[in-house]
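Undergrad: One-letter residues, chain by chain:
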Amino acid sequence: GENVEQHPSTLSVQEGDSAVIKCTYSDSASNYFPWYKQELGKGPQLIIDIRSNVGEKKDQRIAVTLNKTAKHFSLHITETQPEDSAVYFCAASASGIKAAGNKLTFGGGTRVLVKP
Amino acid sequence: DSGVTQTPKHLITATGQRVTLRCSPRSGDLSVYWYQQSLDQGLQFLIQYYNGEERAKGNILERFSAQQFPDLHSELNLSSLELGDSALYFCASSVEGDTEAFFGQGTRLTVV
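Line by line, the protein sequences are chains A and B.
Residue numbering for the first sequence follows this note's numbering, starting at 1 and increasing by one per position.
Residue numbering for the second sequence follows this note's numbering, starting at 1 and increasing by one per position.
Among these hints, one or two may not hold up.
[Unchecked claim] Simulated DEER-style distance windows between Cβ atoms: (1) B:Pro70 with A:Leu46: 25 to 31 Å; (2) B:Lys57 with A:Gln14: 42 to 48 Å; (3) B:Lys9 with A:Leu46: 27 to 33 Å; (4) B:Asp40 with A:Asp27: 19 to 25 Å; (5) B:Asn77 with A:Val54: 16 to 22 Å; (6) A:Ala70 with B:Ala14: 44 to 50 Å.
[To be verified] Only part of the chain B face toward chain A is listed, based on derived beta-carbon distances under 10 Å: (7) Arg55; (8) Gly58; (9) Phe64; (10) Phe69; (11) Glu82; (12) Ser86; (13) Phe90; (14) Phe102; (15) Phe103; (16) Gly104; (17) Gln105.
Hints in this document: simulated from the structure, not taken from any laboratory.
Ideal Cβ placement from N, Cα and C applies to all residues, glycine included.
Use the sequences and the hints to build the structure in full.
TA: Structure (structure tokens):
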């Protein structure tokens, strides 16, 4: 089955700096890669996603890049703010394949701390 | 607010007992997913239902079962509970079976 590795497990950045989180996946059939932000006591919140036919996607201060050949994808947060402090999860799935449904395989998470 | 509603928010029960967790998906969503989040295992996929039928199964224990009802809400039943079942249980929903999933706030289960 799919295996998703996520690094680093913790990340401390100064406010205004950039943060980068990297994930690798093992199943070449995976074609959908979402990123979730989880704040304390809350459920994971979808912040951005990318599909395998796209190499990069941006949404304001957040961007995600995908390298299908190397089987890795990354989340980039620019101009970090204290409210960006949370745990971030990458995930992968082989969506559209009936037998697999759309189950998400998650990375282990990255705890991001933005210091004012 | 994702629009996915889970009840109860917290549940404390004893070993050997049985509990039922409930999930109401976002309006219009046909797919419901259940995930377990524990400190040592991270977020693990349990099971998916699409329009009332089981669509995919993950590492769900035989003591656990789920169903999706005609009104599309779903229930996760956990029986013969063990201390190790203590975790956060999340429900997520999506419009179709292969699009972005939105998570509820979770049910924190504590088995004592």
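Undergrad: For each hint, tell me whether it holds in the structure or not.
TA: Right, here's what the structure says about each hint:
no., hint, result
1, B:Pro70 with A:Leu46: 25 to 31 Å, "holds (27 Å)"
2, B:Lys57 with A:Gln14: 42 to 48 Å, "holds (44 Å)"
3, B:Lys9 with A:Leu46: 27 to 33 Å, "violated (21 Å)"
4, B:Asp40 with A:Asp27: 19 to 25 Å, "holds (23 Å)"
5, B:Asn77 with A:Val54: 16 to 22 Å, "violated (39 Å)"
6, A:Ala70 with B:Ala14: 44 to 50 Å, "holds (49 Å)"
7, Arg55, "holds (4 Å)"
8, Gly58, "holds (6 Å)"
9, Phe64, "violated (15 Å)"
10, Phe69, "violated (19 Å)"
11, Glu82, "violated (23 Å)"
12, Ser86, "violated (16 Å)"
13, Phe90, "holds (6 Å)"
14, Phe102, "holds (6 Å)"
15, Phe103, "holds (4 Å)"
16, Gly104, "holds (5 Å)"
17, Gln105, "holds (5 Å)"
This entry does not satisfy hints 3, 5, 9, 10, 11, 12, going by the numbered hints stated previously.
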